[in-house]
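Trainee: Line by line, the protein sequences give chains A and B.
Read left to right, the first sequence gives residues 4 to 400 (our numbering).
Read left to right, the second sequence gives residues 4 to 400 (our numbering).
It is worth saying that the hints were derived from the structure and are not from the lab.
All of these numbers come straight from a predicted model, not from anything done at the bench.
Errors might be hidden in some of the hints.
[Claimed, not checked] Per the computed footprint, the stretches of chain A lying under chain B, defined by three or more beta-carbons under 8 Å from a beta-carbon of chain B, are:
| id | segment |
| --- | --- |
| 1 | 13–27 |
| 2 | 149–161 |
| 3 | 339–348 |
[To be verified] Among chain B residues calculated to face chain A with C-beta under 10 Å, some are:
| id | residue |
| --- | --- |
| 4 | Tyr9 |
| 5 | Gly119 |
| 6 | Leu201 |
| 7 | Gly305 |
Quick reminder that beta carbons are idealized off the backbone N, C-alpha and C, glycines included.
Protein chains: 2
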Amino acid sequence: MSNQEYFPKGFRAAGVACGLKRDGQLDLALIASDRPCAAAALFTTNRVKAAPVLYDQEILARTDATVRAVIANTGSANACTGEDGLARTRHTAQTVAQALGCAPDEVLVLSTGVIGLPLPLEPIERGIAELQTELSRDGWPFAAQAIMTTDTRAKLGGLIYPEGYIFTGIAKGAGMIAPNMATMLCVIATDAEIERDLLQRALQRAADASFNRIVVDGDMSTNDTVIALANGASGVRVTDEDALVTALQAICTSLAQEIVRDGEGATKFVTVHVTGAPDEDSARQVARAIATSALVKTAFYGADPNWGRILCAAGYSGVEVQPERMALWLLDAAGEDAIQLVERGEPSDYDEQAAIALMQEPEWGVRLDLGLGKESTWVWTCDLSHEYVSINGHYRT
Amino acid sequence: MSNQEYFPKGFRAAGVACGLKRDGQLDLALIASDRPCAAAALFTTNRVKAAPVLYDQEILARTDATVRAVIANTGSANACTGEDGLARTRHTAQTVAQALGCAPDEVLVLSTGVIGLPLPLEPIERGIAELQTELSRDGWPFAAQAIMTTDTRAKLGGLIYPEGYIFTGIAKGAGMIAPNMATMLCVIATDAEIERDLLQRALQRAADASFNRIVVDGDMSTNDTVIALANGASGVRVTDEDALVTALQAICTSLAQEIVRDGEGATKFVTVHVTGAPDEDSARQVARAIATSALVKTAFYGADPNWGRILCAAGYSGVEVQPERMALWLLDAAGEDAIQLVERGEPSDYDEQAAIALMQEPEWGVRLDLGLGKESTWVWTCDLSHEYVSINGHYRT
Chain A
4 MSNQEYFPKG FRAAGVACGL KRDGQLDLAL IASDRPCAAA ALFTTNRVKA
54 APVLYDQEIL ARTDATVRAV IANTGSANAC TGEDGLARTR HTAQTVAQAL
104 GCAPDEVLVL STGVIGLPLP LEPIERGIAE LQTELSRDGW PFAAQAIMTT
154 DTRAKLGGLI YPEGYIFTGI AKGAGMIAPN MATMLCVIAT DAEIERDLLQ
204 RALQRAADAS FNRIVVDGDM STNDTVIALA NGASGVRVTD EDALVTALQA
254 ICTSLAQEIV RDGEGATKFV TVHVTGAPDE DSARQVARAI ATSALVKTAF
304 YGADPNWGRI LCAAGYSGVE VQPERMALWL LDAAGEDAIQ LVERGEPSDY
354 DEQAAIALMQ EPEWGVRLDL GLGKESTWVW TCDLSHEYVS INGHYRT
Chain B
4 MSNQEYFPKG FRAAGVACGL KRDGQLDLAL IASDRPCAAA ALFTTNRVKA
54 APVLYDQEIL ARTDATVRAV IANTGSANAC TGEDGLARTR HTAQTVAQAL
104 GCAPDEVLVL STGVIGLPLP LEPIERGIAE LQTELSRDGW PFAAQAIMTT
154 DTRAKLGGLI YPEGYIFTGI AKGAGMIAPN MATMLCVIAT DAEIERDLLQ
204 RALQRAADAS FNRIVVDGDM STNDTVIALA NGASGVRVTD EDALVTALQA
254 ICTSLAQEIV RDGEGATKFV TVHVTGAPDE DSARQVARAI ATSALVKTAF
304 YGADPNWGRI LCAAGYSGVE VQPERMALWL LDAAGEDAIQ LVERGEPSDY
354 DEQAAIALMQ EPEWGVRLDL GLGKESTWVW TCDLSHEYVS INGHYRT
């Protein structure tokens, strides 16, 4: 099987270096389909939305919208740039449309980088010309690389179905990641034929169980976007929503987890599992409070089983927890209860050294049982390290 | 004027080293009044409340409660310690009552330190015996020192009124500080005569304008307590609520600001001022989102005028902000608009080097005008530094 066969038919991808990043790193990505795609998308809920978000939303608001290409630049988020920013997004789409011979409103635009900088059109125009010649069916790894910002590695995932269709996804994450899908970009493409409304419903469900469960620093960005494209080039039609959710969720989960593993300065990947909640919303609220707490995340960093901070975060989550009903475990890498730290709100008689040793591992978890019901949820988070502060204290300088 | 005359009549204070901290540092504080005090208090809203919080709340729930002493220990927060923790708090109060010859229910208890550790009674008993001999009218600085945890300096404030009464306050802060008065302890004593309900109302108002406006890391602790005691020993009666609020607020503000200045790892004291809000709640929500954002706080640390992160935080605050109406300024140390960074949601033409220079100062601010109304508020926060991570990654080890 050639490398090509790992990627969906009828799509071509590429990443080039057009000068948006220093040192000649790849910084502009293009994904193109040789036929119109059904497109679904999820966008940031931040009230401050970047120009490309507003632009893409406008395009996809039309019921007859189809998509032929997605262009993604780094270097500038094109957010807080007003009318001029929107004009530059439109110009970018037009340039791509010209290069590919499609309509401008068949081109979606993604931007990531510093807020408030004007989108530099000149290098992007040059880059698009180069992308046009670089596009290939197996160019996805280059596209994945070209959308990285503070990511330390490219994020690429895929599924190949024996029925003859393929899903490929790329994502970028790093900082500003929080539930409701903060600073991250993701593009998933499949050559299955999928009706647009079905694709949208399934993407929403898949994101709820993946991208909306990840926390790096609790900030939510102006640019977050997840796009799914289905071009039907395989000739296989997918109509079962649950099966489609399963496929999308598999890709989204692996990309979402990669984003957390590669969180800014992250040294540990921690699953925060909340059980025994009266309802799922409460579980989510508690899990989020724990996963966002700077004190909890620094204790994770220091491999310090300072469980009091976890109970404390649950206590201020807004949920009416009852301390004397809470139980807490450290989970091993497989997600199994390993060491009980708290029983009925008080410390268990656990082996401190064993707890520290477990927390020094790169992947583990905690499970907080609230003792208030049967609902549960989990989120994935990382620790808060010196490196996070270094990266974000001097991002622009 | 002797040193004594700086402190309220009829109160004595002391701090001793009883072995709760290493290296012989002061770790146990006692404040005693030679007559019953009217007492007011505010407690953490965390659902997980430490034993001393539950104990003090029970005492102060009685309408005829009067207070003769406050004992405060470091080393253990006595939180998540169940019935045994409550028994140890009661035992501490009894020991103090015996030493001072008052009733156990006239003694309030404060604890701060690690959650989940049993309160070590033996050193505390020894310490109380020593405190008894150390108590003196001018012992407040030692009490202030003895309640420090990760604080780097003692926090002591006072007001001397020509009418003949004095207010003295001590506080501890450092990490886990957030609106609604997270991990901090504060005791204010006055020899004015103040009716209890009036004292409670005034303390609440003063705290709303001071302790409830400070953010270090957004965490809210299990132990936060502010206590005000009035013993009437000056013979001067205070009945004007506004005047009393002014006095308490002056002390609370100076202690609250000291807590932020001395926040864990803090290198900068930043006022986040939000104006042009449709209502005060919205202003508070936006200010809090900005002051709590890890991305904003690391940019403060790096003196990086990365204003996009501020607008971004406003965007996800939950308030329906309109990006194109927002304006943002850097404020100088006096709180005056110094450099406009954003106008109508887009970058102003400002001098980047001047902005960086201003942000390198230890005290400055930002003002975000939402352009949506006339209400405003402010909070005080600090930056998020490498040192914060060092302190909290290895607090116990």
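Trainee: Is the coverage entry for the segment 13–27 of chain A by chain B consistent with the three-residue Cβ rule at 8 Å?
Mentor: It is violated, with 0 qualifying residues against the three required.
Trainee: Close enough to count: is the Cβ of Tyr9 of chain B nearer than 10 Å to one in chain A?
Mentor: 36 Å, violated
Trainee: For the segment 339–348 of chain A, do at least 3 residues have a Cβ located nearer than 8 Å to some Cβ of chain B?
Mentor: holds (count 3)
Trainee: Using Cβ atoms only, decide whether Leu201 of chain B comes closer than 10 Å to chain A, and label the hint accordingly.
Mentor: 30 Å, violated
Trainee: When the nearest CB of chain A is found for Gly119 of chain B, is that gap smaller than 10 Å?
Mentor: 5 Å, holds
Trainee: Do at least three Cβ atoms from the segment 149–161 of chain A come closer than 8 Å to Cβ atoms of chain B?
Mentor: violated (count 0)
Trainee: Double-check Gly305 of chain B for me: the hint is only fine if its C-beta lies closer than 10 Å to a C-beta in chain A.
Mentor: Result: holds, 3 Å to nearest chain A Cβ.
Of the numbered hints given earlier, the model fails hints 1, 2, 4, 6; all others are met.
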